[in-house]
Each structure stands twice: as structure tokens, then as C-alpha cells.
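These protein sequences, in sequence, are chains D and Y.
Here my numbering is used: the first residue of the first sequence is 16, the next is one more, and so on.
Here my numbering is used: the first residue of the second sequence is 395, the next is one more, and so on.
Quick list of in silico lysine to aspartate or glutamate cross-link-like pairs, DMTMM-like style, CA-CA up to 20 Å:
hint, chain 1, residue 1, chain 2, residue 2
1, Y, Lys450, Y, Asp605
2, Y, Lys516, D, Glu271
3, Y, Lys397, D, Glu209
4, Y, Lys516, Y, Asp605
5, Y, Lys397, D, Glu200
6, Y, Lys397, D, Asp106
7, Y, Lys602, Y, Asp517
8, D, Lys85, D, Asp75
9, Y, Lys516, D, Asp53
10, Y, Lys457, Y, Asp605
11, D, Lys69, D, Asp53
12, D, Lys69, D, Glu271
Covered by chain Y, according to a simulated footprint, are these stretches of chain D (three or more residues, beta-carbon under 8 Å):
hint, stretch
13, 29 to 41
14, 45 to 54
15, 98 to 106
16, 116 to 124
17, 130 to 137
18, 285 to 293
By construction, these hints were calculated from the structure, which means they are not laboratory data.
We put the beta carbon where it would ideally sit given N, CA and C, even for glycine.
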Amino acid sequence: MRSHTRWWGALMVLPATLFILVFGILPVFYSLWLSFYDIGLASRTYIGFQNYVKLIQEPDLWDSIRVTSKFVVVFIFGEVVVSYIIALGLDRLNKTFAGIMLVAYRVPGLVAGIATIAVWRWIFQTHKGGLNLLLGRLHIPPVSWFGNVTTAPWACAFIIFTTLLTGHVLLYMAALHQVNPEIIEASRLDGANELQIIWHIITPLTQPMRLYILLGSFISALQVWETPFFFTGGGPLGASTTVMYKIYQEGFLGGEMGIGLAMSVVMALFTVSLSIFFMKKLKVHLV
Amino acid sequence: MSKWLIALVCILIALWSLFPAYLTLQTSLLGGFRIASPLDIIPHLKLINWRLLPWKWFLPWIKNSLIVCGLFAFLATFLTLLAGYGFAKYDFPGKEILFWVLLLSMMIPGVAMFLPKFLITKDLGLFGNYGGLIFPLYANAAGIFLIRQYYQSLSDEMLDAARIDGANEFQLFRYIVIPLTVSMAIYFFVGAFMSQWGNFMWQFIIAKGADLRTFAVGSALFIIGSTEVVAAGSAGDPGWLTTLGGSVAGLQAAMSIVQAVPILIFYAVGQRFFIENLRFGVVQE
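Kindly produce the complete structure, drawing on both the sequences and the hints.
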């Protein structure tokens, strides 16, 4: 390659890199820097580690971590376990049939968010809500699903769960297609039954895809914000305040900006180390 | 026998997946939430909720959403293809470092960084304008890595032949590389557009005031708050809706469908490219 053409490469990479540096990477360092300041409307005073000290002492923080971990459990159960079982089932069926099912399975993931607020609000409504009408037929008294400390986080988690369980069926099916059918045939000849084949052969062979989905699932669970925003406002008594919703409260709803930024720093460190851990496990070679 | 059982379960899951969409549609047609069979809808069908939707609000919302999603999708597709090609086919000083920097960006979750990102956007003077709604969204290098692997397989002889014919490097990209990757470009464009159509959080935080309200923000606020529904009626008369035979739930359901339809259309259009490229992406795992 001629020497002057190499600068073209740098020129082509530059615009994208600039954007990613400013809006993708700088936020981490910016929040790290600002987290050592007390941020007022017009002034910034250096206060050292005080934001972090306050953060650790805040009981709300541990509550929000507890709420978020509930979401982590639900996300992993839906995306890693249930999706896989559905994919195993669908893989045994006629291709055209599976294709039609996959189209239907895509719908909840696509329209999740704004378009489903109305319907879920009605389902979990206390007075004449769908779920309570159903329970009423069984003579169970109505429950205030979003207004109750025990049920509010699980109701939120359930709403997301419905979009999770079919979300990764397609990815799992792609992984299943790569399993060599001769291995399965050989173990069948050796007398292994269906469940043994699934557990001892297919599951280990699809492990890379599972780890990949697990990482994505974990990270998306940490970022839950919209569901408490739309349905509960983080309440009651913070029972559905996720870590992200707490950051939003600190930054925008009259909390302390410094604490919100300190939380952002911890969040970034946690997810980056999580990614590195998984990438080592996956032995990803991106370079 | 067991195959039939599996098929039955799969169909039940499909019905379960479609159930919220069905419930929303029938509510917009019947007014008021209840569980009714499709046969029940036909005799009681009324379009009053659809007629009462504040259609005149939609135009500015759609305009804003088209500007935000369209410009972002264009910017993201162009920058991603360009950078992916630059990384795949050129050597330049500092390439290694840039590569690792971009790799790091992929591990930093976008939503989790919204607070410092918001402050940076504000410091750059992008708060409350289109720039703030568009530029900060380009923050992840995943697409660059995907396209880079694809471009590495392009033949160097072909590119050299064009060089000998006198094309400069940018012309090479514009007239040879892009035409070869149209399906990839469409995939990126559709994906970027779809990801922003429903991106409520960022648009809600950045777009202060009604002028910048996008379809995501406008429709979400309409669905959350019944006061917005009442405001849609004339003269602020709270009884207008019921006198006309509509209902808050029916209007909100109709609005939900209006919000979701573009996503489904875009998905249907982009699906061919999506599956084509997904298969490619999976092979790379």
C-alpha cells in the first residue's frame, strides 16, 4: 500500500471515533471527576470522597441494589433458561411452522415499552383490572399490584419478563443448528435418551451462545429504568426503585447530583469488569 | 405424539406473545378494557376512539421523530461503514490504540451513563435542541466491529484495480465499497432508526418544551396521563369524551397502536436484511 493512502484510513476512522470518545467513553471519566465535587446550581466545590461515603451510608442504595437483583434473576431466567427450552422445542418441529412461531415471538420484544403501557396498567389495575377480575372469579380479594411493597417490583419484573422469554429464541436456534447431528446420532446409538442428549451434549455445545446471552441479559437487567418510570414511579416506598431509577432521582428529581454521579461511576466499573470476565470465559478474540 | 404436544405449547406461547397486542386492538375498537372474543368485537365495533385521537398533534411529533431518527440513522450508518472500512483496509499510526478504545466503549452500557452524558450534552450547548437528540446517541462501536470483519473479506485486487484507474480512497469507498454492502447499510439504517423511534428516556430528558416533542415522548405522556387525553378535547370539558361515546382507555389503546405500527412496518421491511446479517453475525461468535 502506498504511504499516502494510510492517512486516508485515519481520516475515515476519525469521525466515528470522535463521537464515541465524547459520548461513549468520556461520560465515565467525566462522572468520575465530578463525583469528587459537591454540585450546586452555579458552583462546584471539591469534597473528596464524601459523595462515596454518603452513598455507602444511604440505606436507599442497598434497597435499590436489592430491587435490581430481582430484575437480574428474572432477566436471566427468561432469556437464558426459558428461551433455551422454547428453542429446543421449536427445533424439533417443522421449519415452516417454526418460522411462523418465530414471527409471533418477535412481537412482544418489538413493541415493548410505550405501546404496552396501557394494556399492562389495565391488567394490574386494582379496581376492575384484568388480573383482579380473574382472581375475583376464584373469590380472591383484589390486590393493589403496583401499590404494594411486596408485589410492585414483581409486577414490574413480570411485565418485562413477557418480552424476555421469546426474545432470544432465534439466537438459540442458530446455536442449535451448529451442533453436529452426527454426535447426537452417535449418542442415541449408544443408548442415551432425549433428556440425556440435551443435558450432556447439546447444552455444553451451545455454551458460548449461552454465555453471550447471559452477559447481555445481566447488563440489560442492570439498566432497567422505563418500567418503574411508567408504572410505579419507583414506589411504593422505593420498593421498585432500581439502581438506574435511583440515579435518575438523584440527577433529575431533586436528589444530589454528586451521589447520582458516584453511582454512575460504580455502575460503569461494575459492567466493564463483568464484560471483561465474560469475554475471558468466552475466549472472544475481537482483534 | 410428543411432537404434537410441543407444537401445542409453542402455539400457546405464540398466543401469549400476541395477547397484549390483541387486547390493545380490541380495546381501541370497543372502548374500555375487557376480555372479549374476536366474534364479540364485530357486532360492537365502533371507530369513535380512532376518530377522537388528536390527529393534529401527530404531525409535529412525527416531524420531530423523523428528523431525530432519520438523521441519526443516516449519521450512524455512514460513520459506521466508513470507520469499519478504515479499520479493515488501512494501516495507520495509532490504529491499535484506537481499536482498544473503541473496544472499551462496547463494554460501557449506554443507558447507565445517561446522567454524565446528559451533563456533557448540556455543556456542549446541545440541551433542548435537535443536536442533543441526535449526536449523543452515537456512542457505541459494536457496528464498527461487525462491519470491519465483513470488509476484511473484500478483495484487495479489486480495490487496487480501481486505484490504478485513478480513483482516490474516498471515491473507492463511495463507488465500490458501499454498493457492495447495500444490504448491510440498510440493516444498520433500519436498526438505528428502530432503536430511536421508541427511545423514550433520552428524548424525554433532552427535549424540553412541546416544540421538540417526538412521537415517543408525546404518545407515552398521552398514554400515562389521562389529563393529556382530556386536554385533547375541546374547551377542557371533562365530559366530552363519554358524551361522544369514546373512553380514556380506548383512546390510549388506539394511541399505543399508532406508536407501534411504524416499528412493525420497519421490522417487516428490514427483516430480510436483518436475518441475512444476523446469520452473518452469529457465524462470527
